[in-house]
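J.: If you want the building blocks of each chain, they are given just below.
2 protein chains.
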Amino acid sequence: MTVEYEKYMDEALSEARKALDKGEFPVGCVIVMNGEIIGRGHNVRETTSNPTAHAEIIALAEAGKKIGNWRLDNADAYITLEPCPMCTQALILARIRKIIFGAKNSKLGACGTVWDMINDPDNISHPIVIQGVREYISIKLIESFVNSLRNKSYE
Amino acid sequence: MTVEYEKYMDEALSEARKALDKGEFPVGCVIVMNGEIIGRGHNVRETTSNPTAHAEIIALAEAGKKIGNWRLDNADAYITLEPCPMCTQALILARIRKIIFGAKNSKLGACGTVWDMINDPDNISHPIVIQGVREYISIKLIESFVNSLRNKSYE
Chain A
74 MTVEYEKYMD EALSEARKAL DKGEFPVGCV IVMNGEIIGR GHNVRETTSN PTAHAEIIAL
134 AEAGKKIGNW RLDNADAYIT LEPCPMCTQA LILARIRKII FGAKNSKLGA CGTVWDMIND
194 PDNISHPIVI QGVREYISIK LIESFVNSLR NKSYE
Chain B
74 MTVEYEKYMD EALSEARKAL DKGEFPVGCV IVMNGEIIGR GHNVRETTSN PTAHAEIIAL
134 AEAGKKIGNW RLDNADAYIT LEPCPMCTQA LILARIRKII FGAKNSKLGA CGTVWDMIND
194 PDNISHPIVI QGVREYISIK LIESFVNSLR NKSYE
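Protein chains in written order, with the numbering used here: chain A, 74 to 228; chain B, 74 to 228.
Treat each hint with caution, since some may be false.
Since the list gives no way to pick out one identical chain from another, each pair is judged satisfied if it fits inside one copy or across any two copies.
As the list claims (entries may be wrong) - Simulated pairs of lysine-lysine, BS3-like, Cα-Cα distance not exceeding 27 Å:
(1) 138 x 225
(2) 225 x 213
(3) 80 x 225
(4) 213 x 177
(5) 91 x 180
(6) 177 x 95
(7) 139 x 171
(8) 139 x 91
(9) 180 x 213
(10) 80 x 213
None of these hints come from the bench; they were simulated from the model. None of these values were measured; they are calculated from a predicted model.
Take these sequences, add in the hints, and give me the full structure.
T.: Here it is as structure tokens:
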């Protein structure tokens with residue numbers, strides 16, 4: 074199972090690298106159902122001027138369209154960074170079965186770090202959460218992004 | 074100012090009616106900046122199979138694209154129903170100045186009814202919230218939707 078987690082997280086990381094290449098904050102996501110990737114996305118908030126264009130929102134839209142149903146009961150979401158409240162609730166609304174993430178999000182993490190929306194009894198669904206998968210690589214990608222911004226300020 | 078609120082809420086209600094006509098749960102939203110509607114949307118979760126296709130997410134995407142910036146600091150959001158946590162956080166992330174809504178959302182309202190994300194000190198932005206504008210019409214639309222479901226079960 075751990076090997077499965079790493080295999081799909083590598084796909085989410087490849088999405089995060091696409092974001093980095095565009096100068097976007099590097100977060101990637103893939104949605105997996107029955108061993109198949111049915112949705113993928115990376116953060117494109119700056120390049121699309123869309124405040125909601127986080128990796129998870131894009132991947133969920135693609136996944137729903139692919140299977141012709143907004144209910145993704147048997148699907149798992151792999152995300153390189155712990156989701157924010159918008160994306161955590163999007164995953165809950167979609168009835169995602171399991172959320173597997175890489176690095177903790179100390180500013181906006183809603184799967185336990187800043188908020189815990191997952192275990193909130195008022196919520197309509199309670200996905201299982203696995204954290205720390207490929208954490209180091211996810212953090213390194215974010216560090217690359219922060220360093221690129223620092224270098225820019227000297228240009 | 075009250076007249077302004079009602080004027081734009083009527084536009085949000087016309088969006089909600091479009092959702093109702095499609096057999097969708099009737100919620101509508103418009104984003105207003107400097108007296109101009111820059112984004113509009115209605116719930117199309119069923120017809121698009123997209124779990125994130127709430128009125129607010131669609132209206133915010135359109136607004137960002139329209140002004141070429143995901144930051145909507147000087148914009149206000151008019152929504153017929155109190156936003157859920159996904160949409161409340163989307164509005165917060167977009168730096169929306171003011172959230173004006175019609176009816177309270179007793180199941181998923183995140184602007185005070187079930188959760189209060191607006192006054193959460195951990196959040197990055199704190200929009201002003203006005204509630205109850207055209208509340209009666211918003212509730213009537215939702216009742217129409219519920220009644221149409223009931224009638225369907227007898228068909």
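J.: For the identical chains here, do residue 138 and residue 225 meet the 27 Å Cα criterion within one copy, between copies, both, or neither?
T.: between (39 Å within a copy, 26 Å between copies)
J.: Within, between, both or neither: how does the pair residue 80, residue 225 come out at a Cα-Cα threshold of 27 Å?
T.: neither (34 Å within a copy, 45 Å between copies)
J.: Please work out whether the CA atoms of residue 180 and residue 213 approach to 27 Å or closer within one copy, between two copies, in both situations, or in neither?
T.: within (17 Å within a copy, 40 Å between copies)
J.: Checking residue 80 and residue 213: alpha-carbon separation at most 27 Å within a copy, between copies, both or neither?
T.: within (18 Å within a copy, 50 Å between copies)
J.: With identical chains treated as interchangeable, where does the CA-CA distance between residue 91 and residue 180 reach 27 Å or less: within a copy, between copies, both, or neither?
T.: within (23 Å within a copy, 37 Å between copies)
J.: At most 27 Å between C-alpha atoms: does residue 177 with residue 95 qualify within a copy, between copies, both, or neither?
T.: within (23 Å within a copy, 40 Å between copies)
J.: Between residue 139 and residue 171, at a C-alpha cutoff of 27 Å, which is it: within one copy, between copies, both, or neither?
T.: Within one copy, since 19 Å is at most 27 Å while 35 Å is not.
J.: Given a CA cutoff of 27 Å, do residue 139 and residue 91 count as a within-copy pair, a between-copy pair, both, or neither?
T.: For residue 139 and residue 91, the Cα distance is within 27 Å both inside one copy (22 Å) and across copies (25 Å).
J.: Have a look at residue 225 and residue 213 and pick one of within, between, both or neither, based on CA distance no larger than 27 Å.
T.: within (18 Å within a copy, 54 Å between copies)
J.: Give the relationship of residue 213 and residue 177 under a CA distance limit of 27 Å: within one copy only, between copies only, both, or neither.
T.: Only inside one copy: residue 213 and residue 177 sit 13 Å apart there, 43 Å across copies, limit 27 Å.
Hint 3 from the earlier list is the only one contradicted by this structure; the remaining hints agree with it.
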